[in-house]
Amino acid sequence: MDEFAKTSRRAFLRGSAAVAAGTVAGQAAAQGAPDPAITELQDWASYLGVGVDETPYGLPIKFETDVVRRNVAWLTASPISSINFTPIHALEGTITPQGCAFERHHSGAIELSKDDYRLMINGLVDRPLVFTYADLERLPRENHVYFCECAANTGMEWAGAQLNGAQFTHGMIHNMEYTGVPLRTLLAEAGLDAAGDLTDKWVYVEGADASSNGRSIPMEKALDDVLVAFKANGEALRMEHGYPVRLVVPGWEGNMWIKWLRRIEITDAAVESREETSKYTDLHEDGVARKWTWVMDAKSVITSPSPQMPITHGPGPLVVSGLAWSGHGKITRVDVSIDGGVTWETARLGKQGDAKALTRFYYDMDWDGSEMLMQARAMDDTGYVQPTKDQLREMRGENSVYHNNCIQTWFVNEEGVAENVEVS
Amino acid sequence: MSKSLNLFLPAIGGTALMLGGAYGFTSRDYAEQKIESLEIQVEQSTSTAADAVANSRAAEAEIERLAAERDELQVIAAAGGGLTQPAPVAETVYGLGREALPEEIAAWDVDVLPDGRGLPVGSGDVWTGEELFVEQCAACHGDFAEGSGNWPVLAGGFGTLSDEDPVKTIGSYWPYLSTSWDYINRSMPFGNAGTLSADETYAIVAYILYSNDLIDDDFVLSDENFMDVELPNADGFVLDDRADTEYTVWRTEPCMTDCKDGVEITMHASVVDVTPETEGDAQASMTEHAAGTDAAAEGAEGAIDPALIEAGQGAFRQCSSCHEVGENASNRTGPELNGLLGRTIGSVDGFRYSNVMRDAGEAGDTWTAEALEAFLTDPRGTMSGTKMAFRGVRNPEDIAAIIAYIQSVGTE
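Keeping their order, the protein sequence lines are chains A and B.
Sequential numbering from 0 applies to the first sequence in numbering that gives the first Met the number 0.
Sequential numbering from 0 applies to the second sequence in numbering that gives the first Met the number 0.
Read the hints as simulated data drawn from the structure, not as lab findings.
Even glycine gets a Cβ: it sits at the ideal position worked out from N, Cα and C.
Take every hint as true, because none was put in to throw you off.
To give an idea of the interface, some chain A residues facing chain B are shown, with a C-beta separation under 10 Å as derived from the structure: (1) 77; (2) 275; (3) 334; (4) 397.
Label-pair distances were calculated between CB atoms; the ranges are: (5) A/64 with B/263: 33 to 41 Å; (6) A/237 with B/148: 25 to 33 Å; (7) A/92 with B/248: 32 to 40 Å; (8) A/125 with B/240: 33 to 41 Å.
Bound-form chain A, shown alone (with noise of 0.2 Å):
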């Protein structure tokens, strides 16, 4: 072989190769000899499966048993008053299924029946009354769709990066459809004559395990859109989850949701309870805290690819796939950026955004294979842009514990594994 045959031909192993890489990207990847799983005769295909009288109600299927809630053990003192996190970046769309829903509880996760279970609606009303869950039953119900999320969602992430992946950094969220009751429906049956005035009133709220769980409501928000709900994803609610009767509080943080709702009243004044003194206030870095810090703002963040999440197929089209949301409203614009926050294009979101709802954008892709660094940002219908960890660091030091809604920063590498980092 000559000299010119010989480079030619390296030069034409080069450019095969790049291609043969290009195909792999680009296209599905040649098979060299037939896949056995198409040609041989498999199992199922054969053999019976499982039939109808096996799984009253089911369970995801075996193959899925790490699509679970997990909690960080050293975050709290016990397990019984402790939370745990939703896996978000295993799911898609926008509805939480309510098995894998993060739990929040004071004093654990009670059982109380339907039958045991009693309303009370008292204080400032013309006739304090007692319901049954029968008669909530009867009241006009109505359905939405609503985020529920924790004021310490991503709590652990002030002071720098912390915990490796989505369901640690941001999944103490959920996302559900609501059937129940107008908490005004309620209301109206008590009578608010006795109250006078309302723009100065509130309405308290109380849960019936141990801790019994108290939050003080400004009136405006309790006849707005607070509903009081009895089924999640068109089924009871979980125990975890408040079962038989919860509060949902609409964008306002998920300590409100007053869980196994137990009591009504109509007050003067805020409770000052502790769970809206000595928690949920945010200490600022002068000393001074915010308090009655409600409403949850615009946030987003990458639920794939994530630490938890790596990208396991090389380069070629890649699926970016997140979730959005807002305590002010609907989403309306989500952003994302591969180099670190420099330049940003705008995502496509799943379907259009629903207020105070999860929203699911996707950011379609042609990894190069070189490395990331992976942010979202949403917007909403205010205007509200999602701030970088060091504009609400400035705004508010290191110890606010509540409410971090920064954007958030996943580094994923050649391999495609990701991490959680800080960027300057």
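Based on these hints, arrange chain B on the given structure of chain A.
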């Protein structure tokens, strides 16, 4: 329909209408945009070639379909409800629910407001409070309210709120004393809520104030002098001011290109390394499940009644805030309970026992079913001086079940 409620309802109705309108409008915008782009497509395709005629027909059909969708959305928007039509507003009440009796309201309406409303008559002194605190609270909060492990610190921390690591206690952070009375009375002790009398609650609150150096040791707290005690951080709070301080700044058109000069990674989560091992978790939960099945199988062979174990698992919840049992169980507020039956009393490595437990162990005593039954029925009566701040299992049937459960999962 209440008169006062009506004051608000026009405003709510207005909001709903507006939101409904906004939804319809946005959808209409979307439909119209799509129509526009399709109309351009129609123009382009008709002007190019004859083979595009079929496409343009499809596009025209799409235009018709979208227009119909738009009209439908307009109808929904005009109805004022957006996607969910609001529940009807009753002209009169539905008359559901029954009147709450005064005794029922008294039983449940026990919250205490910052101005002292809701406080019952009663009193308690610092020294009574100390005894109660050591007995009922110290297991988690420490003898001097200094906290234990991850449990809340209740005393001290003064002047730390602007530090790098602020210590937020009742003394240093809480704005109102009413909150501590209300919370202790309703929600404490952890796992035994609602069992303190009014006088006991006053005494415990007095002891916490004393631990914070806010009162002298001869102070007797009562409903009469309650409002005289002011907490130091009463003025340490401002109302939510995000609308003025943040929203005005962050409601801007965001930067899309050349937003910063360069980017550097300033911190890696992997360096901190505090993330739980997720694969390990999944495996652990599966192992746990398998272990449960084994135990049940063992019971089915006649060793322990599975129903009793199951009952015990439920009853064990009253123990589980302090004790762990089963695989990977470790000492928490109380010692781990693996292999408890037959184990020498006070013998778990690394647990700081009370003298009474240590002495019993040194004397060679072991935990028999009888000894456990007696201890769980009346912990302090049986082992005077035990650190276990638990008043005993109320239901005698639970004791056998708890022991069965510990035996079933706590094999070493």
